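Undergrad: Every letter in the sequence shown is one number past the one before it in the working numbering, and letter 203, counting from 1, is 204.
Derived from the structure by calculation, the hints contain no laboratory data. On a predicted model such as this, the values are computed, not experimentally measured, just so you know. Honestly, I wouldn't trust all of these hints.
Claimed, not checked - Distance condition first, Cα-Cα at most 20 Å in a straight line; then the derived DMTMM-like pairs of lysine to aspartate or glutamate:
#	residue 1	residue 2
1	LYS374	ASP92
2	LYS37	GLU178
3	LYS374	ASP99
4	LYS265	ASP39
5	LYS37	GLU69
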Amino acid sequence: MTSLRNVLVIGGGAAGNAVTIQLRRAGIAVDLIEAKGDWNATAGSGITLQGNALRVLRTLGVWDAVRESGFGFGSVGITAPDGTVVHEQRDIRSGGDDLPATVGMQRPRLQQILIDAVRASGAAVRLGVTAVSLEQDADGVSVRFSDGTAGRYGLVIAADGVGSATRAALGIQEKPEPTGMAIWRVAAPRPAGVVRTDLTYGGRAYIAGYCPTSDTTLYAYVVEANRDRATIAPESFADEMRALTEEYGGFWREITAHISDPEKVNYTWFDRMLVEGSWHRGRVVLVGDAAHCCPPTIAQGAAMSLEDAVVLAELLTGSDTWDDALLQAYYERRVPRVRAVVEASVQIGQWQLDGVRDADVPGLMGRTMTMLKDLP
C-alpha cells in the first residue's frame, strides 16, 4: 500500500496512547494529536480493569504503576437493596493466574500513567489540535491540522472516541445508539469495609454499585432509564443521584452522605455501536471507541480499546507492508471478540429494562469472561 512508515494517531485516550506506546517501542515515528488542551481532562470518576485489560497494560510496560495506584480484588458481591449480601461470585482471572482478577482505579490516574508512557516513548505530541482534512493517494495520507500545519503519513489511526469525527469523515455510517439506560457516577471516600465491587439489581435504580479505586477512594454508580439530558440541570446532579441512592442500605449510607457537589457527579447515557465490514478506509483505520462501544455492564469498554491497540500495533510492526489485507486482518481478528462483548453488555441491560427476573446474568458474565482469557 505504501512505503511510508510513519503514523499519525488522532486521539490521546486509552487506545491512542496504547498504540502509540507500542509503535514507538518498535521504532516507528508517531505523531499524536489530542483535541483537548488538557490531555488529562478525563471525564469519569473511576474505572474497573479486569484481567484481560491488565494483561495489555503489562504489555505496555505500565503494570507496576497501575498496581501501585489501584485496588485489586477477586470477587463481586450481589446485595439486596438493604445491603445484605445474597451472593458472592469469584471473578474469573481473564488475564491469567499471575494477575489480579480485577483492579479498580481512579480514571484520571490511569490516563496520567499512559500519558507519562507516551511522553517517555519519544512520540511527538500536540495538544489542542485536530485534523481538518485527510487526503489519500497511492503513497500515503496528507493531513491538514487546525493549527495551520500539515503532515504526510503512511497510516492514520483514528482513536478519537465514540463521537469520532474521523469515522464520519470516512463516510462510515454506524453511529452510537442509545440502549435506553443512563448512569450516574461519583467519586467518594472508601468505607473501610468496601474491598470489592458490590452490585444491587433492583430498588429505585436498575443497578447500584461501587468499586474501590485506591486505599482511600471508590467510585459509585446507579443506572436508570435514560432521560432527556436537557431537562436535568447540571446544578441538580448531586440531588438527582442522591435521590436514587438514599434508599439503599449497607455501605451506601456512607457513600450517599458524600454525594453533595454536583460538579463531581457525571451523567451519561449507555450507547452501543459496532462498525461492520471493516474498520479502515484506505490508509485510515479506526481503533477503540471509534470502532465500537458498549454499556459498562461487564466493565469491558476500555479493555476492548486496549486490546485493539496492541493487536493493531502487533500487525503493523510485524509486517513490511501496510496494505488492505493487513488492516482487514486486524478487523477479522478483533470483531468476533468485540461483538461478543458488545452483545453481552447490551443484553444484561436489556434484561433489566424488560424486567426479566430470572435472567442468568452471572452465567452470561462468566461465559464472556472465560472467552476473554484467550489472548486477543
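Undergrad: Take the hints in turn and mark each one as holding or not.
TA: Tested hints:
1. With a C-alpha separation of about 12 Å, the suggested pairing of LYS374 with ASP92 holds against the 20 Å cut-off.
2. Note on LYS37 and GLU178: the hinted pairing is violated, with a Cα-Cα distance of about 24 Å set against a maximum of 20 Å.
3. At most 20 Å may separate the alpha-carbon atoms for a hinted pair to count; LYS374 and ASP99 meet this at roughly 12 Å.
4. Only pairs whose Cα atoms come within 20 Å are accepted, and LYS265 paired with ASP39 is accepted, the gap being roughly 18 Å.
5. At most 20 Å may separate the alpha-carbon atoms for a hinted pair to count; LYS37 and GLU69 exceed this at roughly 27 Å.
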